[in-house]
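Protein chains in written order, with the UniProt record's numbering: chain A, 1 to 208; chain B, 1 to 194.
Please note that a few of the clues may not be correct.
[To be verified] Covered by chain A, per the in silico footprint, the following chain B stretches (three or more residues, Cβ under 8 Å):
| no. | region |
| --- | --- |
| 1 | 55 to 64 |
| 2 | 74 to 81 |
[Claimed, not checked] In silico lysine to any residue, SDA-like type, Cα no more than 25 Å apart, as pairs:
| no. | chain 1 | residue 1 | chain 2 | residue 2 |
| --- | --- | --- | --- | --- |
| 3 | A | Lys-76 | A | Leu-16 |
| 4 | A | Lys-110 | A | Pro-54 |
| 5 | B | Lys-155 | A | Ala-135 |
| 6 | A | Lys-3 | B | Pro-163 |
| 7 | B | Lys-13 | B | Tyr-183 |
| 8 | A | Lys-47 | B | Lys-65 |
| 9 | A | Lys-3 | B | Leu-99 |
| 10 | A | Lys-104 | B | Leu-173 |
| 11 | A | Lys-141 | B | Met-168 |
| 12 | A | Lys-76 | A | Ile-116 |
| 13 | A | Lys-124 | B | Val-170 |
| 14 | B | Lys-13 | B | Cys-25 |
| 15 | A | Lys-31 | B | Leu-42 |
| 16 | A | Lys-104 | B | Ala-88 |
| 17 | A | Lys-104 | A | Gly-83 |
| 18 | B | Lys-9 | B | Cys-108 |
| 19 | A | Lys-34 | B | Leu-99 |
| 20 | A | Lys-124 | B | Glu-83 |
| 21 | A | Lys-81 | A | Lys-124 |
| 22 | A | Lys-104 | B | Leu-99 |
| 23 | B | Lys-65 | A | Leu-16 |
These aren't lab readings, by the way, just hints derived from the structure by calculation. Small disclaimer: the values here were computed from a predicted structure and weren't measured. The beta-carbon is built from N, C-alpha and C at its ideal position, and this holds for glycine as well.
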Amino acid sequence: MAKTESTLVNMVLALLIITAVAGGSLGMVYKVTKEPIAAAKLAKQKKAIEQVVPGFDNNPTDEAYELTSKEGFALKVFPCKKGEELLGVAISTKTEKGFSGEIKVMVGMKPDGTIINYSVLEHKETPGLGSKMQAWFRMDKGNQSVLGKNPKTTKMVVSKDGGQVDAITAATISSRAFLDAIMVAYNTYMDNTDAHSSATTKSKGGQS
Amino acid sequence: MNQWKNFSKGFFKENAVFTLLLGMCPTLGVTSSAINGLGMGLATTFVLIMSNIVVSLVKDLIPDKVRIPAFIVIIASFVTVVELSMQAYLPALFESLGLFIPLIVVNCVVLGRAEAFASKNGFLSSMIDGAGMGLGFAMALTILGGVREFLGSGKIFGITIYPEQYGMLVFVLAPGAFIALGYLIAIINKLKKA
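Please construct the entire structure, taking both the sequences and the accompanying hints into account.
Below you can see the structure in the form of structure tokens.
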């Protein structure tokens, strides 16, 4: 077959056909993969919720609602109930103070704010340093662990800044960001729960 | 046989990473573990084979002056296919590679093979060339990833060989990629001479 000449019509036509075919086939692939992608994301979210607030028997995704933090982030709150009792809430929180961009964390709290567990959903921290946060803050060594602690009584700031949590070695910025994400969730949840439950006090002196 | 030559040339003699030093961005970026290297390598292999096939089939229809944009569109389409399917069926791998998958588009190995080989050769040769180059790239990335993972965190493919705290952290970080790649190239050159 002879090579097509580089005339204007040929060039325009060739590019037009190629982009049209490419666009069409991508649209098809998108359609095919749309549901599995959504399912994979949902499964991940569910797994994270199960990890941070174990033992619930409702469907937290159905009862989820949104709260807006002081920073303007929309946080998703997943109430986890067993029967009628509220075991805790899983809050998908984030921070922009990471070493390289956003960190998204799912944190589970009892209704009084005590941290049950957490799961790092997304981050772009340095591999081998900041990326250790998934394991670091649950290790029961020194003051590393945040599990079972209540930000109301424990100062959720790295010890270098006068807090009570040991930062990841060589990743203080990532540690600060991680704790910041947790505090965003805690403050937002507490502020919004205070409004209709007088059991929790409004004062949060010395918490931030 | 001739086709075997096409394959082995890309796989070893003209290995994209160790000999041509092409595609350094994903090479250095994703190889913090062997599994990441393998995943990236196979994704690139798929794109390479498919784009080589398509380019070799349509090469006569594309006017010379617009061949580069045409190739880029073809490559970009396959990259998007890989990205979407990985997101759908291998979400865990997508998470660790996610950032680098779109960069396959500008991986010079892919465009280089489309331009230098597929646009001048037939369908079968182009496919085999793509497979050879791609698998060579995957092999190189897996080896580099394995070395870095072993030295940096004491694991290979996630299996612990020695406790992590004795690992040299630098190998997991960017500088370690350069150091490890340099030594690997030196070793390969030595082997080639022998």
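Hints and how they fare:
1. 55 to 64: holds (count 6)
2. 74 to 81: Since 5 is at least three, the answer is holds.
3. A:Lys-76 with A:Leu-16: Outside the cut-off at roughly 44 Å; violated.
4. A:Lys-110 with A:Pro-54: It holds: about 11 Å lies between the C-alpha atoms, which stays within 25 Å.
5. B:Lys-155 with A:Ala-135: The given pair, whose Cα atoms are some 17 Å apart, holds under the 25 Å limit.
6. A:Lys-3 with B:Pro-163: violated, 61 Å
7. B:Lys-13 with B:Tyr-183: This hinted pair holds, its Cα atoms lying about 18 Å apart.
8. A:Lys-47 with B:Lys-65: The given pair, whose Cα atoms are some 52 Å apart, is violated under the 25 Å limit.
9. A:Lys-3 with B:Leu-99: violated, 38 Å
10. A:Lys-104 with B:Leu-173: holds, 22 Å
11. A:Lys-141 with B:Met-168: holds, 22 Å
12. A:Lys-76 with A:Ile-116: Since the Cα atoms of Lys-76 of chain A and Ile-116 of chain A sit roughly 17 Å apart, the hinted pair holds (cutoff 25 Å).
13. A:Lys-124 with B:Val-170: holds, 18 Å
14. B:Lys-13 with B:Cys-25: holds, 21 Å
15. A:Lys-31 with B:Leu-42: holds, 24 Å
16. A:Lys-104 with B:Ala-88: This hinted pair holds, its Cα atoms lying about 20 Å apart.
17. A:Lys-104 with A:Gly-83: Distance of about 29 Å is beyond 25 Å: violated.
18. B:Lys-9 with B:Cys-108: holds, 17 Å
19. A:Lys-34 with B:Leu-99: holds, 19 Å
20. A:Lys-124 with B:Glu-83: holds, 18 Å
21. A:Lys-81 with A:Lys-124: Outside the cut-off at roughly 32 Å; violated.
22. A:Lys-104 with B:Leu-99: holds, 16 Å
23. B:Lys-65 with A:Leu-16: Holds, at about 14 Å.
Comparing the model with each earlier hint shows violations of hints 3, 6, 8, 9, 17 and 21; every other hint is respected.
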